[in-house]
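The task is simple: from the sequences and hints, build the whole structure.
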Amino acid sequence: MLSKQLVAASLQPIVLTILSRGEAYGYEIMQRALDLSNGQLVWTAGTLYPLMHRLEAKGLISSAWHPSESGPRRKYYRITSKGQTVLEADKKEWINVHAILMNLWGPELAIA
Amino acid sequence: MMFNLETAISTWKNALKHNRAFLPEDIEELEGHIRDHVHSACEAGLSEEEGYRRALKEIGDLMGLETEYKKVFWSKVLTRTGAVKEIILEVKMLINYLKIAFRNLLRYKGYTSINIIGLAAGIACFIVIGLFVKDELSYDRHNEHADSIVRVLYGEKQIYTPTAVAPEFSRRFPEVVSATRIFPIGMFNSITVRKDEKLFEESGFISADSTLFDVFTLQIVAGQPENALNRPQTIAISRTAALKYFNRIDPIGETLNVSGSTDFEVTAVFEDLPSTSHVHFSFVTSFVSYPRWSEREIWDRSNFFTYLRLQDARSMEPLQNKIDAMVAQLSASDPNLASEQFFFTLQRLTDIRLKFEGRERYVFMFSAIGLLILLVACANYINLATARASRRAREVGIRKVSGAHRGHLMRQFFGESMLMVLIASILAVVLVFISIGPLNAVSGKEIALSLWNLKFWGLIVGLGVIMAGLSGVYPAIMLSSYQPATVLKSASGRGTGSSKFRNVLVVFQFVVTVFLLVGTFVVKGQLSLMQDRDFGFEKDHVVVLSMNDAAMRSNYESIKSVLQSQPYVQAVSAIQSIPGYQFSGYGMETEESDLTEQVPGGGQLVNGITIDDDVVNVLGLHLIAGSNFPDDPSYTPSDGQYRYLVNEQLVRSLNWDPDEAVGKKINLTSGRVGEIFGVYQDYHYQSLHNEINAQALFIDPSQFRNLMIKLRPDQGSGSLTASMASLQKIWKDVAPQKPFSFKFLDDEFDALYKADVQISEVISVFSVLAVLIACLGLIGLASFTAERKTKEIGVRKVMGATVGQIYLLMTKELVLLVGIAFAIATPFAWYFLNKWLENFSFRLELTVWTFLTAGLVVLLIAVITVSYQALRASYLDPVKSLRYE
Chain A
1458 MLSKQLVAAS LQPIVLTILS RGEAYGYEIM QRALDLSNGQ LVWTAGTLYP
1508 LMHRLEAKGL ISSAWHPSES GPRRKYYRIT SKGQTVLEAD KKEWINVHAI
1558 LMNLWGPELA IA
Chain B
16 MMFNLETAIS TWKNALKHNR AFLPEDIEEL EGHIRDHVHS ACEAGLSEEE
66 GYRRALKEIG DLMGLETEYK KVFWSKVLTR TGAVKEIILE VKMLINYLKI
116 AFRNLLRYKG YTSINIIGLA AGIACFIVIG LFVKDELSYD RHNEHADSIV
166 RVLYGEKQIY TPTAVAPEFS RRFPEVVSAT RIFPIGMFNS ITVRKDEKLF
216 EESGFISADS TLFDVFTLQI VAGQPENALN RPQTIAISRT AALKYFNRID
266 PIGETLNVSG STDFEVTAVF EDLPSTSHVH FSFVTSFVSY PRWSEREIWD
316 RSNFFTYLRL QDARSMEPLQ NKIDAMVAQL SASDPNLASE QFFFTLQRLT
366 DIRLKFEGRE RYVFMFSAIG LLILLVACAN YINLATARAS RRAREVGIRK
416 VSGAHRGHLM RQFFGESMLM VLIASILAVV LVFISIGPLN AVSGKEIALS
466 LWNLKFWGLI VGLGVIMAGL SGVYPAIMLS SYQPATVLKS ASGRGTGSSK
516 FRNVLVVFQF VVTVFLLVGT FVVKGQLSLM QDRDFGFEKD HVVVLSMNDA
566 AMRSNYESIK SVLQSQPYVQ AVSAIQSIPG YQFSGYGMET EESDLTEQVP
616 GGGQLVNGIT IDDDVVNVLG LHLIAGSNFP DDPSYTPSDG QYRYLVNEQL
666 VRSLNWDPDE AVGKKINLTS GRVGEIFGVY QDYHYQSLHN EINAQALFID
716 PSQFRNLMIK LRPDQGSGSL TASMASLQKI WKDVAPQKPF SFKFLDDEFD
766 ALYKADVQIS EVISVFSVLA VLIACLGLIG LASFTAERKT KEIGVRKVMG
816 ATVGQIYLLM TKELVLLVGI AFAIATPFAW YFLNKWLENF SFRLELTVWT
866 FLTAGLVVLL IAVITVSYQA LRASYLDPVK SLRYE
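Protein sequence lines correspond, in order, to chains A and B. Per the working numbering, the very first residue in the first sequence carries number 1458; after that it's consecutive. Per the working numbering, the very first residue in the second sequence carries number 16; after that it's consecutive.
Just so you know, the hints here were simulated from the structure itself, not pulled from any lab data. Just so you know, these numbers come straight off a predicted model, no measurement behind them. Every residue gets a Cβ at the ideal spot worked out from N, C-alpha and C, and that includes glycine. Hints are not guaranteed to be accurate.
Said to hold, decoys possible - What the simulated footprint calls covered on chain B by chain A, stretch by stretch (three residues with Cβ under 8 Å from a Cβ of chain A suffice, anywhere in the stretch; the number is not a length): (1) 35-47; (2) 80-89; (3) 574-585.
Stated by the list, open to error - Restricting the straight-line Cα-Cα distance to at most 20 Å, the calculated cross-link-like pairs of lysine to aspartate or glutamate (EDC-like) are: (4) K172(B) - E375(B); (5) K1532(A) - D761(B); (6) K370(B) - E332(B); (7) K149(B) - E776(B); (8) K769(B) - D555(B); (9) K1532(A) - E40(B); (10) K850(B) - D771(B); (11) K72(B) - E1513(A); (12) K28(B) - E73(B); (13) K554(B) - D761(B); (14) K91(B) - E1513(A); (15) K1532(A) - E46(B); (16) K1515(A) - E375(B); (17) K85(B) - E1545(A); (18) K1461(A) - E375(B); (19) K86(B) - E1485(A); (20) K1461(A) - D349(B).
Claimed, not checked - Reference excerpt, derived from the structure (chain A facing chain B, CB under 7 Å, subset only): (21) G1503; (22) P1507; (23) H1510; (24) R1511; (25) R1531; (26) Y1533; (27) T1542.
Here it is, written out as structure tokens:
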């Protein structure tokens, strides 16, 4: 399990990255994150949905209701061009941080 | 019962439906989330029930969810169309809180009225004091360049400066943008002004350089300010003066006759100066009208005020250094000028009222009183609200059980304080508008209040918010903190624990009360000390008339003999200026220094006033050595032949014996060598704020400006009117050119203390109000204490306690609190009052009795206040008080 702070900090870039590969609804995003991280990224609905709403209010993503094959309609989220730009910036930051830590710790640790 | 997913989900949805943190589509989204969760759980082989349980666990508890959704609530609403609806909902909630608060206020009328009256009185006092303080702070601020205007002082304190200062400074120093001299012709001796049949004595009469309008900001009504005062025989007058003499505001080119001798042409009319100007004038003649002063730039006679307008506020310090350097240079080149007293100090215009005239300490005093009153009013509210908590504890319990959050309750209680403060503020504003007139009368101020002044309303609103905060927060926190289980379990529902805090507040109120009372006693005591003091002269039964007129001066001896022959006249004399207003300064040389010295810089500075030989009789001065001047109407002074009477202080400053001084020669600069005839006991020739310095009186009829007539005091009633009527008749014969406008010496002298008297009145009024406000709170508190102790008293009475014992029980705590307050207040009061008294040269001695009296008065007031409740409680029939169990 990752620490709370790290989960919170990585939420936005992870969500944006998942959405940049195609639109998705809340539960789907959560499942993908769980699969991608081998069960390490455990979010709750209480963190995910308010974040989605906040990102939407900022204009980084947009949403639309689509009918689902089973049962009630679902709210799908899609990344906007502004969201793409922010994601690029986020990416650079994370890579920078990563590079710094790698330089500090050396290649052997990075491999291990 | 079988698990049904649809039932479970709809129950869950119902719980969220009324929670405004969630929009309908948020709930729909969450529902989808749960369904997906259950779906995938079922696929993994779990039951629907287990899947649902896990989904809920993952979503987390409702409170956490609500908190997270709340954070984004407004950004979501704003991006949609619901914002207006949401705001309306919020407002509706607010209205609801107010409605509930209002009902609560109405339910407890006694409590509400005590609270509102206390708060309103506190707020009203604070506003009024705020207006006073603002008025003081706004002195001279009406000048556009107020910050860069300075006054030049001769030495450190003397406001009279030589003629050379203004022209020399403005030539020499680039920092000086403009400089003006003011000669206060009629500020101490009135001037006769005439336009045809309109004849008045005017006191706001000055002469000034044409640059007056450049230094000070005077609003011009008519005429050209730039060249209004650059010709001889021109005069600028105020709007009021223009209306008074010409019945119109633009009498440009008309003439006014001054002192019965010269006609002055009106060249400008300016708006009346605001009451917040430290200098007041209505008539300004051009300085060039008096070549005797304007054409000579001299350093050795000081009769003029000098004001400079500098480039900016920061130029003052560098300029002061340059002036010091210039004075050093001047003293070095002219040994006659060199003296310890020959230097100049710059003083900011905005410091004159506050620092030089010493109003700063009153501003401080008033602000402190205002703040204290406000705090006392707040303490009242807190005390009453928390004392009442016992009554509302059960309400709080029920509300919490019914699902109210602590935040809701705090909002509710805070809303009640807000409402209370709102009502109190409205009442306070009404009080302020009603009382400002009488208060202006008492304080001598001209504070105007307008309903349309936005700043005023801003102040009220700000004050209201602060008051509500100060008084509402603590009760709100306390009341909302009750645990339902605790308050609902105990049948009486009593709140506990806050009585200590209440006692602290009560002690605080008593500290303030004792402090203010001691302050009032001391201020009053100091004033009566000043007023009852032996001034060293007799100020009663002396009529003062202006004889500032060439014709009258030349006829003086005949006028005097006519007056003296009247049966009701005891003595008649002439004097340059009357006691209290004697400001003329001279340098003095003695035989020991060098009598022939023509320039006085090296000599001592003395107060010099011209008199005739009867002043000693009229003022009742005590001669302690030598004698009065010989009766010699034909005497006229000339160098070498001057005749002097000097005060003890002058003799002392020269290390002479009074007897030794008689017959010695002195020279008041310049060219007034003469002999000392007598030494008189010091009298207060200026206000008691000033110390008595060396003074010399000498005969010089050319400078007589005031006629003093001592009436016989032993006349029957009604005789004063008859005497004055007779005097008026004589006046018409001897001085037809002068109006008969008389003053009494005692009134004039007492006027010097008007400001002090007014301040002491104002302080007393507010101190009494503070005590009353504190008492209001005490009444409320006592009634709650009595109510809380009803049962205890009942039991005690059943057990055999007497009324006296019960009474003691009820009041002993109060006595203890007053005692503590007294112990705390005394050192503070002692310290601050001693500091204040240091400002007087004749001061009251602080005694233990002053403090004890104040302490006893407070104790008495407190005991009387609670006695009604205490007695009522102790006389209560135990059968009744114990029955409700």
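Here is how each hint holds up against the structure:
{"no.": "1", "hint": "35-47", "result": "holds (count 7)"}
{"no.": "2", "hint": "80-89", "result": "holds (count 5)"}
{"no.": "3", "hint": "574-585", "result": "violated (count 0)"}
{"no.": "4", "hint": "K172(B) - E375(B)", "result": "17 Å, holds"}
{"no.": "5", "hint": "K1532(A) - D761(B)", "result": "94 Å, violated"}
{"no.": "6", "hint": "K370(B) - E332(B)", "result": "18 Å, holds"}
{"no.": "7", "hint": "K149(B) - E776(B)", "result": "19 Å, holds"}
{"no.": "8", "hint": "K769(B) - D555(B)", "result": "18 Å, holds"}
{"no.": "9", "hint": "K1532(A) - E40(B)", "result": "9 Å, holds"}
{"no.": "10", "hint": "K850(B) - D771(B)", "result": "17 Å, holds"}
{"no.": "11", "hint": "K72(B) - E1513(A)", "result": "26 Å, violated"}
{"no.": "12", "hint": "K28(B) - E73(B)", "result": "16 Å, holds"}
{"no.": "13", "hint": "K554(B) - D761(B)", "result": "5 Å, holds"}
{"no.": "14", "hint": "K91(B) - E1513(A)", "result": "8 Å, holds"}
{"no.": "15", "hint": "K1532(A) - E46(B)", "result": "11 Å, holds"}
{"no.": "16", "hint": "K1515(A) - E375(B)", "result": "55 Å, violated"}
{"no.": "17", "hint": "K85(B) - E1545(A)", "result": "29 Å, violated"}
{"no.": "18", "hint": "K1461(A) - E375(B)", "result": "59 Å, violated"}
{"no.": "19", "hint": "K86(B) - E1485(A)", "result": "24 Å, violated"}
{"no.": "20", "hint": "K1461(A) - D349(B)", "result": "86 Å, violated"}
{"no.": "21", "hint": "G1503", "result": "4 Å, holds"}
{"no.": "22", "hint": "P1507", "result": "4 Å, holds"}
{"no.": "23", "hint": "H1510", "result": "5 Å, holds"}
{"no.": "24", "hint": "R1511", "result": "5 Å, holds"}
{"no.": "25", "hint": "R1531", "result": "5 Å, holds"}
{"no.": "26", "hint": "Y1533", "result": "11 Å, violated"}
{"no.": "27", "hint": "T1542", "result": "20 Å, violated"}
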